[in-house]
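A.B. asks: In my numbering, the protein residues as written are 1 to 483.
Quick caveat, the hints were computed from the structure, so don't treat them as lab data.
The beta-carbon is built from N, C-alpha and C at its ideal position, and this holds for glycine as well.
Incorrect hints may appear among the rest.
What the hints assert, rightly or not - Mimicking DMTMM-like on lysine to aspartate or glutamate, the simulated pairs with C-alpha atoms at most 20 Å apart in a straight line are:
| hint | residue 1 | residue 2 |
| --- | --- | --- |
| 1 | Lys56 | Asp69 |
| 2 | Lys221 | Glu104 |
| 3 | Lys398 | Asp425 |
| 4 | Lys35 | Asp173 |
| 5 | Lys137 | Asp193 |
| 6 | Lys478 | Glu207 |
| 7 | Lys229 | Asp173 |
| 8 | Lys35 | Glu148 |
| 9 | Lys56 | Glu104 |
| 10 | Lys137 | Asp173 |
| 11 | Lys137 | Glu104 |
Said to hold, decoys possible - Across the chosen pairs, the derived CB separations fall in these ranges:
| hint | residue 1 | residue 2 | range |
| --- | --- | --- | --- |
| 12 | Ile347 | Ser154 | 40 to 46 Å |
| 13 | Glu433 | Gly151 | 16 to 22 Å |
| 14 | Arg413 | Gly139 | 54 to 60 Å |
| 15 | Ala267 | Lys398 | 45 to 51 Å |
| 16 | Pro346 | Val268 | 54 to 60 Å |
| 17 | Glu205 | Arg464 | 20 to 26 Å |
| 18 | Pro67 | Leu465 | 41 to 47 Å |
| 19 | Arg41 | Ser154 | 33 to 39 Å |
| 20 | Glu473 | Gly101 | 46 to 52 Å |
| 21 | Val389 | Arg41 | 55 to 61 Å |
| 22 | Lys137 | Ala267 | 17 to 23 Å |
| 23 | Arg464 | Thr393 | 42 to 48 Å |
| 24 | Gly139 | Leu345 | 18 to 24 Å |
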Amino acid sequence: MRLLAKFFAPESVAVVGASRNPRKVGYQIVLNLLKSGFKGRIYPVNPNADEILGLKAYPSVSSIPEPVDLAVIAVPAPAVPGVIEDCGAHGVKAAIVISAGFREVGNVELEKRVVETARRYGMRVMGPNCVGVYVPKTGLNTTFLSMERMGFPSHGPIAFISQSGAFGVAVLDWASMRGVGISKFVSLGNKADLDESDVLLYLAEDEDTRVVTMYIEGVEKGRGERFVKALREVTPRKPVVALKSGRSEAGARAIASHTGSLAGSDAVYDAVFKQTGVVRAMGMEDLFDMALALAFQPPASGRRVAILTVGGGSGVMATDACSDLGLKVPRLSHETEEKLRRVLLPIASPHNPVDVTGSATDQHLVDALEILLRSGEVDAVIWIPYFQVPGITEGLVKEFVARYREVVSDTGRAIPVVGAVTGGDYTWRLAREAERLGIPMYPSVERAAKAVWALYRYGSWLRRLGVYESYVEGFLRKGVAPG
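Build the full structure now, drawing on both the sequences and the hints.
C.D. replies: Shown next as structure tokens:
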């Protein structure tokens with residue numbers, strides 16, 4: 001694991017194939033390192049340049065007068081083995097091969113030569129055919145995508161491993177737009193050497209990562225047992241959310257055509273995920289909806305869901321969404337309903353879903369939340385505020401979260417709460433405030449229900465292992481949730 005740290009926390013980076021041409025990949029990598037605020041030493045390597053972007057350039061890695069932690073290689077594929085040789089002779093132990101033109105286009109032997117050369121020097125290789133890594137906290141950005149054309153997310157608790165570089169970059173752009181923070185982004189490409197298992201085990205120890213997400217197309221032959229072992233090592237400690245493509249026969253063929261790897265039976269992957277506690281996502285929205293919930297809310301101890309809504313229709317739709325996922329929206333006890341009646345308006349419904357109506361005030365929602373959390377009858381709450389109604393003020397979010405924290409602290413019971421809202425700029429400004437305070441908010445009740453399902457799915461895995469209580473205790477002790 002210490003060797004893998006060179007990929008994520010290097011003190012020096014050599015960019016082999018650095019260029020003065022803004023249209024070249026090697027130019028953009030150097031520029032991204034500079035613009036992202038990387039504080040380590042940057043060494044452009046180009047035998048035909050003395051200086052690139054204000055940095056002294058070197059003709060080779062071996063000509064650099066100081067040690068190099070990480071080499072980022074962006075040269076034509078046939079030249080890569082020679083570059084690896086040069087790096088190894090200089091003592092480099094970590095290399096990211098951005099270059100394409102290997103196994104994915106039939107050049108299997110060339111890819112083997114890269115790995116064999118690296119192994120002679122005890123070097124690990126990420127790629128080839130990848131976009132490298134992005135670590136917002138340190139400004140390490142080895143990607144070659146223009147920072148003027150896409151967003152790069154800020155530091156946050158979610159790590160993302162991607163076999164596909166293009167999909168990974170799209171996720172980075174989306175995460176930036178959505179305000180989702182990233183701890184580590186890793187593009188694995190062809191996985192000639194480093195693969196998901198290596199990165200999973202590294203992230204299990206990473207203090208900045210609370211949740212691991214990954215996009216995979218297939219695990220290479222002979223690596224399946226290690227992959228399963230890595231998942232079993234990680235999931236008792238941190239949630240893993242996986243998006244596996246190639247579910248259909250046509251999808252599997254598409255994977256083979258662009259990576260050269262086999263997708264494998266989807267049923268097998270599904271079984272592996274279930275047996276190792278991985279939460280499976282079916283799309284990009286799923287992936288990060290679930291990850292947000294798991295990063296900021298404790299796992300649910302059961303499948304009983306209370307729905308607290310300002311509108312009856314939304315409550316019904318949320319009930320359907322929960323039922324479709326195997327979650328329960330139970331009847332509340334007579335005692336709990338009576339407590340709700342005493343704090344709600346006469347026109348409100350104290351039954352689950354609890355409808356405080358459009359005439360409600362902040363106090364009605366906050367008091368109802370406390371009663372539900374203290375009832376012992378529910379394992380999660382879906383909150384559906386309509387910030388547009390006249391009785392609700394901009395102060396609701398802070399008051400709601402403060403009461404939530406107070407009850408959790410008082411009872412010691414960690415019941416997750418997620419929200420669903422529909423509206424424009426005003427609504428989403430308040431929703432983003434709720435998220436900053438630790439309550440994930442979703443643009444539909446269906447997505448909120450799916451997030452609760454993920455919390456239930458992971459909670460049930462922890463209970464199966466007998467570590468649910470210790471996990472939640474540690475989760476709350478770190479101050480991760482609420483807020």
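A.B. asks: Of all the hints numbered above, which does this structure not satisfy? Sort the numbers upward.
C.D. replies: The structure breaks hints 5, 7, 9, 11, 14, 19, 22 and 24; every other hint is satisfied.
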